[in-house]
Amino acid sequence: MAVATQPSAPARALPPGLEGELGAIVGARRVLVRPPELGTYASDGLPGLRRVPGVAVFPGTRDELVAVVRLLAARGVPFVPRGAGTGLSGGALADGVVLVGLNRLSRILAVDPENRLAVVEPGVVNATLQKAAAAHGLHYAPDPSSQAACTIGGNVAENAGGPHCLKYGVTLNHVVHCTVLLPDGTIVELGARHGECDGYDLLGAFVGSEGCFGIALDCTVRLVPDPPAVRTLLADFPDLDGAARAVSAIVASGILPAAMEMMDGAAVRVVERSIYAAGYPVDCEAILLVEVDGVADGIDEDVARVTGFCTANGARGVRGAADAAERLRLWQGRKKAFGAMGRVAPHLVLQDAVVPRTRLPAVLREIAAIGARHGVAVWNIFHAGDGNLHPSVSYDATDADEAARVEHCMAEIMRACIAHGGTITGEHGVGLDKLGYMDALFDAPTLDAMCRLRGVFDPERRANPGKVVPVHSCREWSQAPAARAGVA
Amino acid sequence: MASHDAPATVDAVHERLRAAHDARTPLRLAGAATWRDAGPPVADAPALRLDALAGIVAYEPGDLVLTVLAGTALAEIDRVTAAEGQWLALDPPAHPAATIGATVATASAGPLAHHAGTPRDLVLGLEAIDGRGVRFRAGGRVVKNVAGFDLVRLLTGSHGTLAAITELSLRLRARPAHEVTLALPAPSTDALHALATALRAPTLAPLAVEWVNAAAARAIGAGDRDAVLVRLGGNATFVRAQRDAVARLAPACDELAAGTWDALRALALDAPLACRASGPVAAVAARVARERARAWAHGEALVTASLGRGIVRTSVPAIADSDRALLPPSAGDERAIVERMPAAWWHGHPDPFDAPLARRVRDAFDPHRILRPPRAHG
Numbered sequence: 000m001a002v003a004t005q006p007s008a009p010a011r012a013l014p015p016g017l018e019g020e021l022g023a024i025v026g027a028r029r030v031l032v033r034p035p036e037l038g039t040y041a042s043d044g045l046p047g048l049r050r051v052p053g054v055a056v057f058p059g060t061r062d063e064l065v066a067v068v069r070l071l072a073a074r075g076v077p078f079v080p081r082g083a084g085t086g087l088s089g090g091a092l093a094d095g096v097v098l099v100g101l102n103r104l105s106r107i108l109a110v111d112p113e114n115r116l117a118v119v120e121p122g123v124v125n126a127t128l129q130k131a132a133a134a135h136g137l138h139y140a141p142d143p144s145s146q147a148a149c150t151i152g153g154n155v156a157e158n159a160g161g162p163h164c165l166k167y168g169v170t171l172n173h174v175v176h177c178t179v180l181l182p183d184g185t186i187v188e189l190g191a192r193h194g195e196c197d198g199y200d201l202l203g204a205f206v207g208s209e210g211c212f213g214i215a216l217d218c219t220v221r222l223v224p225d226p227p228a229v230r231t232l233l234a235d236f237p238d239l240d241g242a243a244r245a246v247s248a249i250v251a252s253g254i255l256p257a258a259m260e261m262m263d264g265a266a267v268r269v270v271e272r273s274i275y276a277a278g279y280p281v282d283c284e285a286i287l288l289v290e291v292d293g294v295a296d297g298i299d300e301d302v303a304r305v306t307g308f309c310t311a312n313g314a315r316g317v318r319g320a321a322d323a324a325e326r327l328r329l330w331q332g333r334k335k336a337f338g339a340m341g342r343v344a345p346h347l348v349l350q351d352a353v354v355p356r357t358r359l360p361a362v363l364r365e366i367a368a369i370g371a372r373h374g375v376a377v378w379n380i381f382h383a384g385d386g387n388l389h390p391s392v393s394y395d396a397t398d399a400d401e402a403a404r405v406e407h408c409m410a411e412i413m414r415a416c417i418a419h420g421g422t423i424t425g426e427h428g429v430g431l432d433k434l435g436y437m438d439a440l441f442d443a444p445t446l447d448a449m450c451r452l453r454g455v456f457d458p459e460r461r462a463n464p465g466k467v468v469p470v471h472s473c474r475e476w477s478q479a480p481a482a483r484a485g486v487a
Numbered sequence: 000m001a002s003h004d005a006p007a008t009v010d011a012v013h014e015r016l017r018a019a020h021d022a023r024t025p026l027r028l029a030g031a032a033t034w035r036d037a038g039p040p041v042a043d044a045p046a047l048r049l050d051a052l053a054g055i056v057a058y059e060p061g062d063l064v065l066t067v068l069a070g071t072a073l074a075e076i077d078r079v080t081a082a083e084g085q086w087l088a089l090d091p092p093a094h095p096a097a098t099i100g101a102t103v104a105t106a107s108a109g110p111l112a113h114h115a116g117t118p119r120d121l122v123l124g125l126e127a128i129d130g131r132g133v134r135f136r137a138g139g140r141v142v143k144n145v146a147g148f149d150l151v152r153l154l155t156g157s158h159g160t161l162a163a164i165t166e167l168s169l170r171l172r173a174r175p176a177h178e179v180t181l182a183l184p185a186p187s188t189d190a191l192h193a194l195a196t197a198l199r200a201p202t203l204a205p206l207a208v209e210w211v212n213a214a215a216a217r218a219i220g221a222g223d224r225d226a227v228l229v230r231l232g233g234n235a236t237f238v239r240a241q242r243d244a245v246a247r248l249a250p251a252c253d254e255l256a257a258g259t260w261d262a263l264r265a266l267a268l269d270a271p272l273a274c275r276a277s278g279p280v281a282a283v284a285a286r287v288a289r290e291r292a293r294a295w296a297h298g299e300a301l302v303t304a305s306l307g308r309g310i311v312r313t314s315v316p317a318i319a320d321s322d323r324a325l326l327p328p329s330a331g332d333e334r335a336i337v338e339r340m341p342a343a344w345w346h347g348h349p350d351p352f353d354a355p356l357a358r359r360v361r362d363a364f365d366p367h368r369i370l371r372p373p374r375a376h377g
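Protein chains in written order, with numbering that gives the first Met the number 0: chain P, 0 to 487; chain Y, 0 to 377.
Looking at chain Y on its own, in the form it has when it is part of the complex (with noise of 0.2 Å):
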């Protein structure tokens, strides 16, 4: 691992840009490196970490708008948020320390999205320092917004190829005042398509629908079988009327701690490989069934999913070479994407941000490819 440098300022985090580009320096960004190195591999530059970068630039409970510095744990959002009531509402697998901006920079979601979106729902403005070293704003701190072409999206999801987010505005959601997780016991594949429909019907508004396998379901203490978990959250009648509502579709289920969400998340960060299939919502059923069966060999795996979204997220802790056949199929209507896998098999695999369109994008942004410098497949 080569040394790094974690400026506190947004000038200093701006001086170190611009004097990687003047020198073309190549930089590795990084938040507080809790996740491991997630996409294609980059050559061993120094990283860049941006999590001393935080704290709360303002916040006005009344507009539910949250604007932080990038590097910002998702703990410390989570704790003044709830101090009035409200939240961000964004799950993603992640360390406590993990930064907003991390993030954002990811584009990483959990269960939540279900509810609530993705980053790219959430975020109503930045301010970032491009590969040129060039500081720009984006956005705003209102929640409709659209003034000027959308450099906010662009960057949401980037992967700190195009610049360094440095300050984020949030939308905010008021906490639900009562909340209740049930686990309900998965059933087999049809049973299971008519499960998740089910749980789609216009009368029932959840927060989440998390399918875990049995490996998952015991890491966090809901069950040693496959299950279904339904989150949901309101007012008391809402959350009253809803749990018999969702019981009635099971024969049997069980109430959860609350804590296990975080549980959910905090589960194999460690993990070498873990990769997410997605496609038609209606066909969630069959992929779940289909990423359980390539598992299966695996003991260890631990696959979730997200119904409502269609999204199957596979997570090995331990793997082998022969794992490889644990990646999800990317045809047709069926996606695949990587978040983490060894160097070596990504050779020969797509990298999107270097797409024709994509290397354009770079080309704007990070001409001398300062930020994820590439490298030689190895």
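Chain P extracted, bound-state conformation (with noise of 0.2 Å):
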């Protein structure tokens, strides 16, 4: 869990010259030294953890971007991909390391409406790859809270998901093909742009792997046909309790919206003190956005039956979104939330677990008790469809008591979720934030395990280390690099 006095690690030497060298590929002013301009690249949207970067250099093109990693693997120099910097891990913190931005490399290569595809640069922004699809009655399904900032590129990276996952799945089942810079310069093509693949499936592999495994150059997605008919509902709980009951109600039941999404009777409250006020009843201690669509044919069916299953757990009324207006407002509070939330307190923390969804209800009576006894006021603003849980805490990460109760607070939230059957994080990510829990989800031979699929990618760990996994798991690793040295 980030500590918000957690200081850097002194920068390591980076190898004289280097600044010059990369100077030569992207020009000067695409490389940046001094601590003022590196500063704005020393944290991600996570708060509290600072990681300063060596050298920050930006590529403007594919060819640049090659020549730059091939540079650092002669160089044998550890560097850190980002994107827009909004992932919530720390994955995209450089500590003294070169830092190397996609962010430029964002031009949209081909939308091929006939396949349903789109090829992209890994620095195209989620929001601009819609707006590119929109035009054919497409849309590419994962739809991080990010997505008006966050790129493709670092979407791949952390396998990123969203609220309509929940029926259109995440990242890693809209991806068919990347090309990928190997750590050590050499390109090489992971999956099928069309048709299927046999052998290994490294691209599922390199999906999610938190820039650990290379860098993609350019990467095919999948997109989806609009649906034909939406219907967005509001649900207003009185209870907490009645709402998750009602989750794992509409899931057992088979109907699969595309979206459900559950906030807390104090987040709707900050949310409708902001400017993105949806218009949620102020006085609910609970409600559910649950979002159905596809094709029209008996689509009313199945929103009665949601209807009747949160009726039936407690709900004061639920109503429809009159029209698409109304439903953009709707999402928009949701969406927005964490951004209100900056309203309250200087800092905000925002957890990532997933339970099975039959526990909803118990883990968010843990998790009210668990706040209870730290004296920590926690929101839950989250996926409930998956059972992805976003426990989050706005607190004044400067006052050292405040940030040591929320930090043993989310701790023992974690292990809660864990011990219901739980994963410590559902899309976010592991990067630095949660390497600490790495060994509680999983045993040594599965963490070796994962050492050694990323040592397939990238055996010298020169992209991102130091996240993911923790080091000392890596027993190979750490006992023979000699004998390491003669493999591949």
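In case anyone wonders, no lab produced these hints; they're calculated from the structure. Among these hints, one or two may not hold up.
What the hints assert, rightly or not - Which chain P residues stay away from chain Y? Per the calculated CB distances, all over 10 Å, these:
#1 Ala12
#2 Gly38
#3 Arg49
#4 Leu108
#5 Leu216
#6 Gly297
#7 His373
#8 His407
#9 Gly420
#10 Gly435
Unchecked claim - Simulated coverage check for chain Y against chain P, where a stretch passes if three residues somewhere in it have a Cβ under 8 Å from a Cβ of chain P:
#11 58–65
#12 96–107
#13 232–239
#14 263–273
#15 278–289
#16 314–323
Said to hold, decoys possible - Cβ-Cβ distance ranges computed for the label pairs, FRET-style:
#17 Thr202(Y) <-> Pro345(P): 46 to 54 Å
#18 Ala330(Y) <-> Pro224(P): 24 to 32 Å
#19 Ala342(Y) <-> Gly184(P): 36 to 44 Å
#20 Pro345(P) <-> Asp243(Y): 27 to 35 Å
#21 Pro224(P) <-> His346(Y): 40 to 48 Å
The structure displayed is predicted, hence computed values, not measured ones. Every residue, glycine too, gets a C-beta built ideally from N, C-alpha and C.
Please dock the two separately framed chains into a single complex, following the hints provided.
Laid out in structure tokens, this is it:
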């Protein structure tokens, strides 16, 4: 868990002359070395963690990127790829090493409506791709809340999700091919733009590898048709438990909504006091936002059943969005909720854990009790249909006592989620933030197997060093570096 | 056929693999051994059968997640989930006794992949024992999980070359309350393109759209001409309206019995030649025409195509050496995957598990090639 006061490690020595060599590739203007400039890149969407890169370099073309990575390989320099820096696990922080910014590689290379595919460079913003697809009545399904800023390359690295992943699947299910630049400078094709692949699913391994396996030079993603019918429902609950039970009931019924999001009363009230006010009931203890989409045939039956499950579990009212404008407003409140929390306190910690859907009521009760024990107000705004919790706390990270209480509270919540058969991250990634929980979730042989998989792509471990799997877990790495050099 | 061994516990499998690793004795992993050997030929090592490692580990219907030992038969999974009104929406060509472990290891899927995806989309977690005798797990029992590097996707489709999968957690769906299957007469190439495009319209949401040639249609009781089978499932209103919408796409159509799909899965499982051609989805009609023509001379060849996924599958029950011409091309955007063919034909055929990056994967998980040991082509 992030601690605000955690210092940056002392900068490692980069090879002399590296700045000039990088400048020769991308232009001196695109190489940052001065601390005030580098400070911009010392954090991501996660508060509290600061890691200042030694150098930041911003290639503007695919060829420049390849040349940069090959130079770093020749010099043996570690690097961290970075998209928009909206990540929530510290995954794009570079501690004294080279940060490779990919946001200038932002061309949409092709949109192919007949085959429902798009080919994009890694720095294309998710929302920009959505706009390009919309012209054809298509969209890219993964819709993280940061989609106005986050990039497809970053989404691929993190295996990003979003509210509509409940029905449509996460990034893994929507990427069919990547041209990948391995950390040693080799270019490989993973997956296939068209048709099936045989052999190992190394594309599947690459998606979600958090920048540790290389950099995607381009990504081919699936586009899906806009659903002809959409029904968005807002259910208003006088207690959190009833909302959680309604979610479990809807999931168990087999109806697969496009999205099913929950916000507790405290979060609703913050949103309603902000510019993102969506018309949520301010006296509720929880709302459910349920979207059912697809073909029009039979959709109203599903909506009626969803409404019935809400009412049977105590909803005071269930109303549907009357038109597209109201639907957008209802979603805006949800997607900007974390922005709205900025009004409450200077820092926000946003956790990410997943539990089995039948356990939601029990886990939410436990989270409330844990928060009370630590004197911390925990908000819940999350992807309920997936069981993907985002317990969040607004606090002042410069207050050491408060920061410590928040840290202990969050750690206890994570342990509770693991105890209920859950996992420590559903969509934000491990990065630096969750490293400490990996040992609690996986045994040593499993972590070692993950290290071996990483070794296939990056035997020197120069890509995003120190992330995802704790270094002490990689037995071969610590025990037999010489033997490893002989492999491959 | 070499002798085989069928341990019934994960510990026993672990013991066998550890011993094999320590003694550098090759093993061939197998499920129920109901599929003919898939992929390139391997040395005639003793088989380690995993079908005795069977049973439900955990099933919480409310979570739509099922955890089973990997030797559990597909038919058993179907039986257990049906009792709760659910299903594992995965219907590869397979004998009912075929195991889920072999299905995942070969990344096998069938017509339902149109709706529900392939094993890579359905496996949430697994446990496995690799060629070094190391037991590990990957993923979990929740539906969304990005904790750590993705060993689940690595092992899915790895054809038993890296590890024995011992346990699987799977994403289930609600079994549709109502179902209907329509058979539309399949038109010629141009008209088939129009029909395939119409069936991909956003206003239709079929579970499966499968073109079958006349030989396959006859074998499953779907008439004696090329046909397009459309499977619809959902609530009563949905099925009624979608049925009418699909029927409007063809001059005539027949309703088929629900068992049609099981019959299709069971066709020609012993065929010595089975291969798939795939490529751009929008060009599926041309691909169907090409593969249909290639199989034409071979009257018994069964050809089916998942129109929405752009995949054409050909299986030939009896072959001669000249039938090598039945293998689809692999060039440009067109890709061929051979499921099975005579051992001699593999000579000179690229082995996807022997590509440069693939060799590094095997070095990491099975450095001594205990699993799927190489054999000289003959």
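Outcome, coverage hint (the stretch 96–107 of chain Y, chain P; C-beta under 8 Å; three residues): Check failed, 1 qualifying residues.
Taking 24 to 32 Å as the stated bounds, is the beta-carbon spacing between Ala330(Y) and Pro224(P) within them? Since Ala330(Y) and Pro224(P) have Cβ atoms about 30 Å apart, the given range 24 to 32 Å holds.
Could one say that the CB atoms of Ala342(Y) and Gly184(P) fall in the range 36 to 44 Å? 39 Å, holds
Per the coverage rule (Cβ-Cβ under 8 Å, at least three residues), is the stretch 232–239 of chain Y covered by chain P? Satisfied; 7 residues make the cut.
Claimed clearance of chain Y by Ala12(P), with the beta carbon kept past 10 Å: 29 Å, holds
Between Thr202(Y) and Pro345(P), is the Cβ distance one that fits in 46 to 54 Å? 50 Å, holds
Should the label of Gly435(P) as a non-interface residue stand, given a Cβ cut-off of 10 Å to chain Y? 12 Å, holds
Against chain Y, does Leu108(P) hold up as non-interface, every C-beta pair farther apart than 10 Å? 16 Å, holds
Is it correct that the beta-carbon of Gly297(P) has no partner in chain Y closer than or equal to 10 Å? The assertion about Gly297(P) is violated, with a minimum of 3 Å to chain Y.
Within 8 Å of chain P's CB atoms, at least three CB atoms from the stretch 278–289 of chain Y: coverage verdict: Coverage by chain P holds for the stretch 278–289 of chain Y (4 residues, Cβ < 8 Å).
Decide, holds or violated, for the assertion that all CB atoms of chain Y are farther than 10 Å from the CB of Gly420(P). 6 Å, violated
So is His407(P) really clear of chain Y, every C-beta pair being over 10 Å apart? Per Cβ check, His407(P) is outside 10 Å of chain Y; nearest 21 Å; holds.
Hints 6, 9, 12, 14, 16, 20 from the earlier list are contradicted by this structure; the remaining hints agree with it.
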